[in-house]
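Asks: So the protein sequences, as listed, match chains A and B.
Quick note on this note's numbering: the first sequence kicks off at 185 and runs consecutively.
Quick note on this note's numbering: the second sequence kicks off at 7 and runs consecutively.
Among these hints, one or two may not hold up.
Below, a sample of chain A positions facing chain B; criterion: calculated Cβ distance under 8 Å [what the hints assert, rightly or not]:
{"no.": "1", "residue": "P258"}
{"no.": "2", "residue": "I262"}
{"no.": "3", "residue": "P278"}
{"no.": "4", "residue": "L279"}
{"no.": "5", "residue": "G288"}
{"no.": "6", "residue": "I294"}
{"no.": "7", "residue": "G296"}
No wet-lab data here; the hints were simulated from the structure.
The beta carbon of each residue, even a glycine, is placed where N, CA and C say it ideally should be.
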Amino acid sequence: MDAALLEVREVTKRFPGVLANDKVSMSLESGEIVALLGENGAGKSTLMNVVYGLLSPDGGELYYEGHPVKVRSPRHAIDLGIGMVHQHFMLVEPLTVTENIVLGNEPTKIAGVIDFSTARKAVAEISKRYGLAVDPDAVIRDLSVGMQQRVEILKALYRGAKILILDEPTAVLTPQEVRELFKVVRSLVDEGLAVVFITHKLEEVMAVADRVVVMRDGRVVGEARPSETDMAGLARMMVGRDVVFRVEKKPSVRGETILEVDGLEVLDERRLEAVRGMSFDVCAGEVVALAGVSGNGQTELVEALTGLRRPAAGSVRLSGKDITHASARQSIEAGVSHVPEDRHRRGMVLEFDLAENMILGDHRLEPFSRHGVMKPTEIARVTEERVAAYDVRTPSIRVLGGALSGGNQQKLVLARELGRDPKLLIAAQPTRGLDVGAIEFVHQQILAERDSGKGVLLVSLELEEVQGLADRILVVYEGRIVKEFAAGEASDEDLGLYMTGGGGDKFAESTEVSVKGLGT
Amino acid sequence: MLSDILSPDVFAAAMRIATPLALAAIGGTICERAGVVNIALEGMMLFGAFVGVIAVTYAGNPWVGVFAAAAAGASLALMHAFASVTLKTDQVVSGTAINILAGGLTGFFMEVIIGHPGTTDPVPRLVPVFDFPVPSAGFFAPMWRWIDVIFLSHTPIVYGTILFAIVAHWALFHTRWGLRLRALGEHPRAADTVGISVVRGRYSAVLFSGVLAGLAGANLTLEQVGSFTEGMTNGRGFIALAANIFGRWTPGGSYGAALLFGFAEALQTKLQLLRDVITIPSQFFLMLPYVLTVVVLAGVVGRAVAPAAVGKPYEKG
Chain A
185 MDAALLEVRE
195 VTKRFPGVLA
205 NDKVSMSLES
215 GEIVALLGEN
225 GAGKSTLMNV
235 VYGLLSPDGG
245 ELYYEGHPVK
255 VRSPRHAIDL
265 GIGMVHQHFM
275 LVEPLTVTEN
285 IVLGNEPTKI
295 AGVIDFSTAR
305 KAVAEISKRY
315 GLAVDPDAVI
325 RDLSVGMQQR
335 VEILKALYRG
345 AKILILDEPT
355 AVLTPQEVRE
365 LFKVVRSLVD
375 EGLAVVFITH
385 KLEEVMAVAD
395 RVVVMRDGRV
405 VGEARPSETD
415 MAGLARMMVG
425 RDVVFRVEKK
435 PSVRGETILE
445 VDGLEVLDER
455 RLEAVRGMSF
465 DVCAGEVVAL
475 AGVSGNGQTE
485 LVEALTGLRR
495 PAAGSVRLSG
505 KDITHASARQ
515 SIEAGVSHVP
525 EDRHRRGMVL
535 EFDLAENMIL
545 GDHRLEPFSR
555 HGVMKPTEIA
565 RVTEERVAAY
575 DVRTPSIRVL
585 GGALSGGNQQ
595 KLVLARELGR
605 DPKLLIAAQP
615 TRGLDVGAIE
625 FVHQQILAER
635 DSGKGVLLVS
645 LELEEVQGLA
655 DRILVVYEGR
665 IVKEFAAGEA
675 SDEDLGLYMT
685 GGGGDKFAES
695 TEVSVKGLGT
Chain B
7 MLSDILSPDV
17 FAAAMRIATP
27 LALAAIGGTI
37 CERAGVVNIA
47 LEGMMLFGAF
57 VGVIAVTYAG
67 NPWVGVFAAA
77 AAGASLALMH
87 AFASVTLKTD
97 QVVSGTAINI
107 LAGGLTGFFM
117 EVIIGHPGTT
127 DPVPRLVPVF
137 DFPVPSAGFF
147 APMWRWIDVI
157 FLSHTPIVYG
167 TILFAIVAHW
177 ALFHTRWGLR
187 LRALGEHPRA
197 ADTVGISVVR
207 GRYSAVLFSG
217 VLAGLAGANL
227 TLEQVGSFTE
237 GMTNGRGFIA
247 LAANIFGRWT
257 PGGSYGAALL
267 FGFAEALQTK
277 LQLLRDVITI
287 PSQFFLMLPY
297 VLTVVVLAGV
307 VGRAVAPAAV
317 GKPYEKG
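Just chain A, same shape as in the assembly (with noise of 0.2 Å):
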């Protein structure tokens, strides 16, 4: 039998505190697309920078063609025929997307002057072969993300690369984008590459692989054929145990009103508006969700309701008490807590440390100051307490934020955001980017908070997670609320269909808006 393309034997890497990979064993031969599958943190992309060259391993082996091989560098990995992709795209922005593909392998005329006609005949030549269009004179800024990810496998093939390692490819696409990137990886295999695919998301295993290898905790768990197995399996092995998809929840203990929104009209940045006269309760005990497409006003929403942003009509009351203009201070005195939608920008400060972000808002407040003086201890003390209840995976408290993974992250949000008792919660894609186990977590918790009496605002995208979670679901389409269902009442087919301006009474307006959407 031939010896496999690549071959991965026990290839252990400790990092300081944590064994990244245990002597992991993998293999791949041309023409086939293996799916790298595991939680964040199981050690994927540290096996695949291993096999390009960016670390060294502390043990093992690898075979390349049935010879053992040190890769010592990127460049050394190149030069046998490796490529990879990586999660934040190793492109000069400012450059043209033939500059960027030939940087390090420049053609040249006499005296190192590059020849740009043969370049860009070259680049032209890959892009047909493959099926991938580009234009080679672009500039990297003006691409979309999808086309910049073309421009990464451009690179490596023009390199001449027999394997593509894609690091969570997906990640950073639209679902468009998504459909499109397997058509390409497809016709790549199909031509002999073989490609790896690093993700956590199953959905992407089962409609692109040929193969999946699944890591937890930096070890290998399991092995399988997609069209062997199914998803709650796959779940099953990476998590480790077995994955709830569809939370168990109690019925719902309706208390009394907390937060009253009427006739709310909020405008955008560009002075348009965004949010055209919502109005809409939130009752103590009841998980409301706010379903829509991206970009129909349910981020002005949200900024309106936590004094983000300023309303530009209506009102907004909480437990009685009118918040319309609060800031977003004397929002949270009022009891509402926030998860942003970006934990990176709003939900915590990447460079502050973990009991740092978790009195952000209530750093001046007892018991954590007083009189203007930070109480370190108590601080330390309240961090380590809520670090251990919700079960966020640090070394220590003194780690920056930034050093978590996702899930972590917003683990650590939510035990901020909860911690403080707050009367509502607005979770505004509280799960967005996280794997399973970490989804679950949040789901959980979500719907601890409403079990214990409290209003919850859920936004999301996710259809699974508002027919999960939601006790009623508000459908947005365009700034306005177009239909409101009662859990378990709708099909999901039923609410894409007001998500995107269709469906029943509606119709007849909901067409007249996106006639006018197209125009504009």
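Fit chain B to the known structure of chain A by using the hints.
Replies: Okay, now just chain B, sitting in the frame of chain A:
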């Protein structure tokens, strides 16, 4: 009246004054394009100016001084590269230290070698390259005089700088060297992953800028003044950094910006000489180069974008 002010010698002076600024500015361009801030241009220029004069004092030939000046600039640049690339110290701190060091070194060696502080004795200078007989009469005589004064009256480094600016500008956008340099200052990790050595690229760029700053010093002492005075660079290294920004991190733009400063300075000098004719307080003329700086800054620099990774030490892995 206007012809008195805008006489050919003003334009010629502008080119002379622009030369050290342009050399240092292009040095700054190359250095920053590779991702390293070089505020030590001032010190490298001063040290080059000094070492150039000392070398000529001993060797007699001004060309020996030019080479010595370039080497002197490069030696300080090596320190800057070591500190900022290898040791990853803050590039502004390292640059400031080198500026202070250059002032101290030149002052100290003035005492040791020359025997007194202040100014050295005059040394032989580089002479103008061309020496055409200018016809004193005839239809073309006035025009010929203009051309001769503005374009044909200069010393070697002045011409060399123009030539170099053109070549470097072209090379930045058409050669492998230029492409890699631009990548280094924008996204060093991208360069690293395709096998371009960030350390080597940055070292050579910093050394190159040191050579150019040293040559700028040589132009000051061995072409313009003919002797060395302590602190004589008088902020030119910093004006050069500004010229580099005006010129949007391109050699051609740097030269153009330097020429603009040179023209303002030459005009200011000229207007001061004419103060008996023009009854405007001389302070206004002194202001001119600075007003120009502010105007250009407000108009041009708002849109200039520095290389993304400039000033950031590169951490591997």
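Asks: Determine for every hint whether it applies to the structure shown.
Replies: A quick look at each hint next to the structure:
1. P258: With a closest approach of 4 Å, the P258/A hint holds.
2. I262: 7 Å, holds
3. P278: Hint holds; P278/A Cβ to chain B Cβ min 6 Å, cut 8 Å.
4. L279: This interface hint holds because 7 Å falls under the 8 Å limit.
5. G288: This interface hint holds because 3 Å falls under the 8 Å limit.
6. I294: 11 Å, violated
7. G296: Nearest chain B Cβ about 4 Å off; hint holds.
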